[in-house]
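Number of protein chains: 2
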Amino acid sequence: MNTDTATDETTGESESEPEPEAESEPKCGASSGDSNSSSDSDSRSEPSTCGASTGSDSSSRSSAEGSACGASSSGSSSNDTEKSKTREKVGATLEDFDAEPGQLTAVGLGPGHPEGMTERAKTALLEAEHIVGYTTYIELLSAEITDAADDLYDTPMCGEVSRTEEAIDRTLAGNDVAIVGSGDPNVYALAGLALEILESKGATASMVDFEVVPGVPAAQSCGARLGAPLVNDTVSISLSDHLVPMPEIESRLHAAAKESFTITIYNPWSRKRRENFEKCCEILLTHRDSDTPVGIVHGAGREDERVVITELGELEELGESELVDMTTTIVVGNEDTYVWDDRMVTPRGYETKYDY
Amino acid sequence: MNTDTATDETTGESESEPEPEAESEPKCGASSGDSNSSSDSDSRSEPSTCGASTGSDSSSRSSAEGSACGASSSGSSSNDTEKSKTREKVGATLEDFDAEPGQLTAVGLGPGHPEGMTERAKTALLEAEHIVGYTTYIELLSAEITDAADDLYDTPMCGEVSRTEEAIDRTLAGNDVAIVGSGDPNVYALAGLALEILESKGATASMVDFEVVPGVPAAQSCGARLGAPLVNDTVSISLSDHLVPMPEIESRLHAAAKESFTITIYNPWSRKRRENFEKCCEILLTHRDSDTPVGIVHGAGREDERVVITELGELEELGESELVDMTTTIVVGNEDTYVWDDRMVTPRGYETKYDY
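Chains as they are written, first to last, in the working numbering: chain W, 3 to 358; chain S, 3 to 358.
It cannot be assumed that every hint is accurate.
To be verified - The calculated DSS-like cross-link candidates involving lysine-lysine, where the alpha carbons are at most 27 Å apart (straight line), are: (1) 281/S <-> 260/S; (2) 260/S <-> 355/S; (3) 260/W <-> 260/S; (4) 260/S <-> 281/W; (5) 355/W <-> 274/S; (6) 355/S <-> 274/W; (7) 260/W <-> 281/W; (8) 355/W <-> 260/W; (9) 203/S <-> 355/W; (10) 260/S <-> 355/W; (11) 355/S <-> 281/W; (12) 260/W <-> 281/S.
Calculated directly from the structure, the hints in this document are not laboratory data.
As the structure is a computational prediction, the values presented were derived from the model and not from experiment.
Chain W with its partners taken away, still in its complex shape (with noise of 0.2 Å):
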């Protein structure tokens, strides 16, 4: 079975930028600090750099040229055609925009492949005109959505807040418009942000008819390629400290590690948080025995997919392999988990009460 990558879009996407947010947003950045300078729309348009989508075999995958990251210099509202009517500013706000505005839907996509993702997101790709999403998984669309769409606008490394405003300004430009993310909108991803640069433009989510339309988490699908290892209440944690700080992601920590909540942990590792992580073991080895039995999803549905059942006292070690890295999710048992046949089994508490 196919799962998804794990990786938290806030922090990184790629392997070999593992804090691609951070360091990359700088350089590509439509919604940095200085947006409101027009003369900086100049310096963002090389489409080389991390903008528009280029050498796409997809016929319908062209209109972003000569786009950088973010909203797009070119054009403006009252040129109209369909592939310019996107065109506006840099920090545009709905004042900018003439157009009655088109739908936003945020969709999640599950694991990323398309056997994972739902009939209801599928036609939500379907019905939009644009798709805007990381380069990775507009990749992993179907040719059937792909080619209903009118416009695919990609960034292979920009970052999500200037792809989200991209999306935003051309529903108010009158286009019905996805944006897609792996997992769930509502699991550190972009619900929340699509919704706060609407309230940032003066615009409102129920002008654009906002939809999020639900998809499989990560921790789910890594959980199923597992066995059972969720089935009581649980917690989801992110070892990101790009925009949580670390202090309170170590008493989240604690909190869910005194108490026998299961754990999945998101975005356990990078090249600049090496040390959340044994933070992370440290604290869970404080309130779990060492053979607390640890689920491993590496690269989940990639060609380099693994998965591995450990035990906390392992954890750190592994931590030092490729097996953990920003691609990998992370389910830490409780006190009743247990692995039988290759499989984690968090009872829910039927042997209480039944015989079987």
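Use these hints to put chain S onto chain W, whose structure you have.
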């Protein structure tokens, strides 16, 4: 958008019988404590109680006739015609089956309506010879799926223990079986129970090529209806104390509320658990302001679906209304969660790093 009921299968599937598992399992219970007594199988053979599906208009939904809850009592594995090879005595173990075991797949339907199902789930159901599940979910399946199955086995109020045992007996008898539930098989659901019962019968997960097909959990379905309430670290807690002692639940609520987790509450209310909900509200209010946003999704995906966004201080009183029952899922925001344009938004933290 449709979403699912958030009802925990372990505690209740029906509004008219809020605690069906606890109350009805002894009535129909193929897996009750006396399952080793062969004479017991006679007393369980009345199909009228809670067992076989009756009155179905599906031609493929026929072979459960005469069977009660759980493993049926007639026939044997040597009588292996298509419809009778599933007949095994109650409490059967691996040794009672002569056949080469079939495949067993635990399929998460997501929100329940066909649009919320993944393509993989649909494929798994189309490939299954037998589909086993709670009547409500079986009835949500499309005709394409139910027509393709050799047999459907559903129980209206019988409990997942006997139903899961039935699924496993049918698998060990040589059938490819899918056991279905709403949401995800790892979220208060049957993936773990299936493995536990397989083990108790002396079988293994490998032997039946056990697979979990993940689905969209109720937290995600309801989160999508509410906007973006769950984009940061989050906790799922069930208020059902049928299988977990209430002091443990209370302790987890304290721990989650003390930290800035958003909290999805499953199984908030039943006639027998009124006080759990009151206690939950009390605990949350000791750690969070009374104006903390709370989203309530009742009867998601049903005709009586209602979505209400309120404040934590109002929650206990709303518990008195019909809004909060076993079909309700509640999402409690954290300190940063706000309501904008009838949506709940929990910022991921982008606003601390980016201007938009």
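Task: Those earlier numbered hints the structure runs against, lowest number first - done: 10
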